[in-house]
Amino acid sequence: MSNVINESGILAISTRLQRLADSLRKDGQQIYKAHGIDFEPKWFPVIYTLHLKDTMSVMEIAAEIGYTHPSTISLLKELEKQKLIRSRKDRQDERKRLLTLSEKGQELVQQMLPVWKRMEKALTALTNTTNNLMAAIAEVEAQMEEKGFYERERGIR
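UniProt numbering numbers the first residue of the sequence shown as 1 and each following residue consecutively.
In case anyone wonders, no lab produced these hints; they're calculated from the structure. Any given hint could be a false lead.
As the list claims (entries may be wrong) - Once the Cα atoms are required to be at most 20 Å apart in a straight line, the calculated EDC-like pairs of lysine to aspartate or glutamate come out as:
no.	residue 1	residue 2
1	Lys-53	Glu-64
2	Lys-121	Glu-103
3	Lys-53	Glu-107
4	Lys-42	Glu-80
5	Lys-96	Glu-107
6	Lys-26	Glu-7
7	Lys-96	Glu-60
8	Lys-117	Glu-107
9	Lys-42	Glu-7
10	Lys-26	Asp-54
11	Lys-77	Glu-60
Input sequences plus hints: build the corresponding full structure.
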């Protein structure tokens, strides 16, 4: 498909990645719905992380999923409202909240595990191209950690 954004090349990388992410989220939501699962794809990073790591603080979750603290708090509030996670105060530091999957969240994960396997296969087939998208993303993320986009632009003479 030809349009201004596609033709603008590297300048539109953020727009194109956002468009791709939106498309994947939309299809992901359809997949969950087709399997009778009431789940928002935006909840995935927290639910999956707590599935693997069991109990974590807000700051640990934010660091693990790479979101800002405010974005993480917003997502956690939504998940608590849905009763998919629960929180309790840390015994050593009462300012710290520890989060875990609730029983409802654990049941949901069990329902999603086979769907995640199917999604993983479909996504692998989709991204396993000559230029392997996941490998390219990992390379760019490593480059960004070394020196970000802003720093690189500032260094151009």
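Here is how each hint holds up against the structure:
At roughly 10 Å between alpha-carbon atoms, Lys-53 and Glu-64 fall within 20 Å of each other, so this suggested pair holds. Our distance criterion of 20 Å between C-alpha atoms is broken by Lys-121 and Glu-103, whose separation comes to about 28 Å. Using a Cα cut-off of 20 Å, the hinted pair Lys-53 and Glu-107 holds, with the two alpha carbons roughly 16 Å apart. Between Lys-42 and Glu-80 the CA atoms are separated by roughly 14 Å; this keeps the pair inside 20 Å, and the hint holds.
Pair hint Lys-96 plus Glu-107 does not hold up; C-alpha atoms about 26 Å apart against a cutoff of 20 Å. With a C-alpha separation of about 24 Å, the suggested pair Lys-26 and Glu-7 falls outside the 20 Å cut-off, and the hint is violated. About 11 Å separates the Cα atoms of Lys-96 and Glu-60, which keeps this hinted pair within 20 Å; it holds. A hinted pair counts as satisfied when its Cα atoms are at most 20 Å apart, and Lys-117 with Glu-107 qualifies at roughly 17 Å.
For the given pair, Lys-42 sits about 29 Å from Glu-7 by alpha-carbon distance, which is inconsistent with the 20 Å threshold. With a C-alpha separation of about 28 Å, the suggested pairing of Lys-26 with Asp-54 is violated against the 20 Å cut-off. Our distance criterion of 20 Å between C-alpha atoms is met by Lys-77 and Glu-60, whose separation comes to about 16 Å.
The structure is inconsistent with the numbered hints 2, 5, 6, 9 and 10, although it conforms to all the rest.
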